[in-house]
Amino acid sequence: MNPYIVLGLLLMAVLAVGAWQQKKKAHLYEISWGHQIRKTLTSRSFLLQLGGFVAFVVVWELTVKTFSLPWFSRLPGPWECLLEWLSPDPDYGISIYTEDYYTHIIYSTYRATTAFVLATLLGVPMGLLMGWSRKFYDYSYPLVELIRPIPPLAWVPLAILILPGDEPAVIFVTFLVAFFVTALNTLLGVESIDESYFRAARCLGADKRRLLFDVVLPGAMPFIFTGLQISMGAAWFSLVAGEMIAAQYGLGFLIWDSYSLIQYPVIVIGMATLGVIGWVSSAAVRSVGRKLMAWRERELYGS
Amino acid sequence: MNTPEAACRASEGAMSIRDVGKIYDPEGVHVVALKNCSLEIAAGEFVAIVGPSGCGKSTLLNTIAGFDGLTSGEILLDGEPLATVDKDPSPGPDRVVVFQHGALFPWKTVLENVTYGPVAQGAMSEEAANKRAQEMLSRVGLNDIETSYPGQLSSGMQRRVEIIRALINNPKVLLLDEPFRAMDTVTKSASHQYLLELYDATGKTIFFITHDLEEAIFLADKVLVMTTRPGYIKKTLQVNLPRPRQYSMLASEEFLAMKAQLVEAVHEEAVKAFEAGEREMA
Ligand SMILES: Nc1ncnc2c1ncn2[C@@H]1O[C@H](COP(=O)(O)OP(=O)(O)OP(=O)(O)O)[C@@H](O)[C@H]1O
Ligand SMILES: [Mg+2]
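So the sequences go chain by chain: A and F.
Read in this note's numbering, the first sequence has 219 at position 175, and its numbers run on one by one without any break.
Read in this note's numbering, the second sequence has 48 at position 45, and its numbers run on one by one without any break.
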């Protein structure tokens, strides 16, 4: 398939998503799709978003290609990268038509997801427990505060020594960052709960267990989900760093490898892919959060 | 809400507060919030407490509710010791609190909020509690909001739901800490109306804290003025207005005379509080 056709299809998909979002908001009014798309295209915020994007690409093109500024001259231009990305027969072997491209994506996604899920399963209970029990808080908080500032990459050598092989090491490093973000945000969430909810629940006859499930957990939920979004971002962040050091596949590896092999457009493809995946994963966490916190949604936006 | 008339009035919910003292942070800053505070509340009586800001009204309510221990004296409920120096009270469904800023759980629907008490205590099955809650809500005209979340309701409705959430437990005493403070005048007077209706219908003992002197007289059988910190009861005003209370009473000679007495008593304390370097007055 011709890259231009792919590009056209992509643009149409973006437009459709945009129109669909608008349509969801405007479900009360009977508005046709055509009207909706026209409205989306001409809406102020869409134009601004598009403007920002175009400006970025133009600056890129100007600095790298048109004027070829000294520091930028070796970088690939936007057009070149895009064509390579969409090419059925890419010069450097990586495009949306190659199997390798998806292998890297799947490896990275698998690692990030594993780390994120583990971090959530362990981090949320840890945070709840810290907020729940004064004893546990005193016991663990200093330790957490001491370990947390250690940058993830500093863990790589130890992780490789302790764990069998590179694969668990990379996941571990990713997990660690996500874990601390999740645990501390959960703790913050518990601390943010108004004392009167605890009092009201106790007045009404709730025991300790009920307080945990009926007050602590739902009360901390908004912070937990903010934490999960950050933790998702942090997971990708340290994953890519980890992959650059110790991995055979993955987008981080791809970017670093392409640098060594002087295949510069592939670097940009890897980066852009990370951007898209990062955005999608954050959006996914957000939408799960919205589902779980219907009460908050209605409160914030009215019924 | 068992009988339309207050048949159950005066059967339970009598409280004796005897020489209660409360010192916050005894080793450190040593804030004496209550000192030799004594008062008697008859079963089914509606008592309002007024006093300058920071005089210890909430502290007194918190010791009755069981959120806080006391450092001297004792509190009896129907002759049974509720809180003493040795026995830290714990909160329970016999003394339910309605809070100033509202404490409906925002993550539960109105119906889930109202049924929370009976279900948590295991006093009712969920179906029974639902049925009872629906009954009570519809009696105060709130039957179509059961599946709403508190955040979708007006402050007046929220407070009404919260009072129903308390009453469904059939408490001996209802403790209200400035429940209508942040409301506009219209919502406030509507709130007075339904609180009085509920009071007339249930005959519960009510302990009501407020800054608003008119509100205190209009609602209560007895208005107690607290001194500035350390707080104790300085003056007791018996309100003999007939029930049900009518808005026309607000303009009566009797009402105005009572209000004048209260204004004077509270003002005196507020000046003292001000001179003692305290914060803003009542
Ligand atoms: N946990 C605490 N530790 C120390 N001092 C406290 C504590 N809680 C309350 N106080 C102090 O005790 C005094 C009485 O407080 P309280 O909240 O009972 O006053 P209040 O009469 O309810 O005031 P307001 O009208 O402002 O609600 C105040 O001076 C307050 O600063
Ligand atoms: Mg108070």
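Please keep in mind that the hints were generated in silico from the structure rather than gathered at the bench.
Certain hints may be false.
With a straight-line cut-off of 30 Å between C-alpha atoms, the simulated BS3-like cross-links for lysine-lysine are [what the hints assert, rightly or not]: (1) F:K111 x F:K238; (2) F:K111 x F:K90; (3) A:K252 x F:K191; (4) F:K134 x F:K90; (5) A:K335 x F:K225; (6) F:K225 x F:K238; (7) F:K90 x F:K191; (8) F:K237 x F:K111; (9) F:K225 x F:K38; (10) F:K134 x A:K252; (11) A:K179 x F:K90; (12) F:K237 x F:K90; (13) F:K237 x F:K262; (14) F:K111 x A:K252; (15) F:K225 x F:K237; (16) F:K134 x A:K335; (17) F:K38 x F:K262; (18) F:K134 x F:K191.
Some but not every residue of chain F turned toward chain A, in silico, with C-beta under 7 Å [stated by the list, open to error]: (19) Y27; (20) A46; (21) G57.
These numbers come from a predicted model, not from an experiment.
All C-beta atoms in this analysis are idealised placements derived from N, C-alpha and C, irrespective of residue type, glycine included.
Hint check results:
Annotation: proposed proximity of F:K111 to F:K238 is violated, straight-line Cα distance about 42 Å (limit 30 Å). With a C-alpha separation of about 33 Å, the suggested pair F:K111 and F:K90 falls outside the 30 Å cut-off, and the hint is violated. In summary, the hint linking A:K252 to F:K191 is not supported, as the alpha carbons are separated by about 35 Å, beyond the 30 Å threshold. Distance check on the hinted pair: F:K134 and F:K90 sit about 37 Å apart at the alpha-carbon level, beyond 30 Å; violated.
Distance check on the hinted pair: A:K335 and F:K225 sit about 49 Å apart at the alpha-carbon level, beyond 30 Å; violated. For the proposed pair F:K225 and F:K238, the alpha carbon gap of about 10 Å is at most 30 Å, so the pair holds. Note on F:K90 and F:K191: the hinted pairing is violated, with a Cα-Cα distance of about 38 Å set against a maximum of 30 Å. Distance check on the hinted pair: F:K237 and F:K111 sit about 42 Å apart at the alpha-carbon level, beyond 30 Å; violated.
A threshold of 30 Å between alpha carbons decides the hint, and for F:K225 with F:K38 the separation of about 21 Å falls inside it, so the pair holds. As the CA atoms of F:K134 and A:K252 are separated by approximately 27 Å, the hinted pair is consistent with the 30 Å bound. Taking the CA atoms of A:K179 and F:K90, the gap is near 24 Å; set against the 30 Å cutoff, the hint holds. Only pairs whose Cα atoms come within 30 Å are accepted, and F:K237 paired with F:K90 is accepted, the gap being roughly 27 Å.
Proposed proximity of F:K237 and F:K262 is supported: the alpha carbons are some 16 Å apart, at most 30 Å. For the proposed pair F:K111 and A:K252, the alpha carbon gap of about 18 Å is at most 30 Å, so the pair holds. For a cut-off of 30 Å, the pair hint linking F:K225 to F:K237 stands: about 13 Å separates their Cα positions. Between the alpha carbons of F:K134 and A:K335 the distance comes to roughly 28 Å, so the proposed pair stays at or under 30 Å and holds.
The straight-line distance between the Cα atoms of F:K38 and F:K262 is roughly 26 Å, inside the 30 Å bound, and the hint therefore holds. For the suggested pair F:K134 and F:K191, the alpha carbons sit about 29 Å apart, so the restraint of at most 30 Å is met. For the restraint placing F:Y27 at the interface with chain A, the shortest Cβ-Cβ distance is roughly 15 Å, beyond the 7 Å limit, so the hint is violated. The beta carbon of F:A46 is not positioned within 7 Å of any beta carbon in chain A (closest approach about 20 Å), and the interface hint is therefore violated.
Nearest Cβ of chain A to the Cβ of F:G57: about 18 Å, over the 7 Å cut. The hint is violated.
Of the numbered hints stated above, those contradicted by the structure are hints 1, 2, 3, 4, 5, 7, 8, 19, 20, 21, listed in ascending order.
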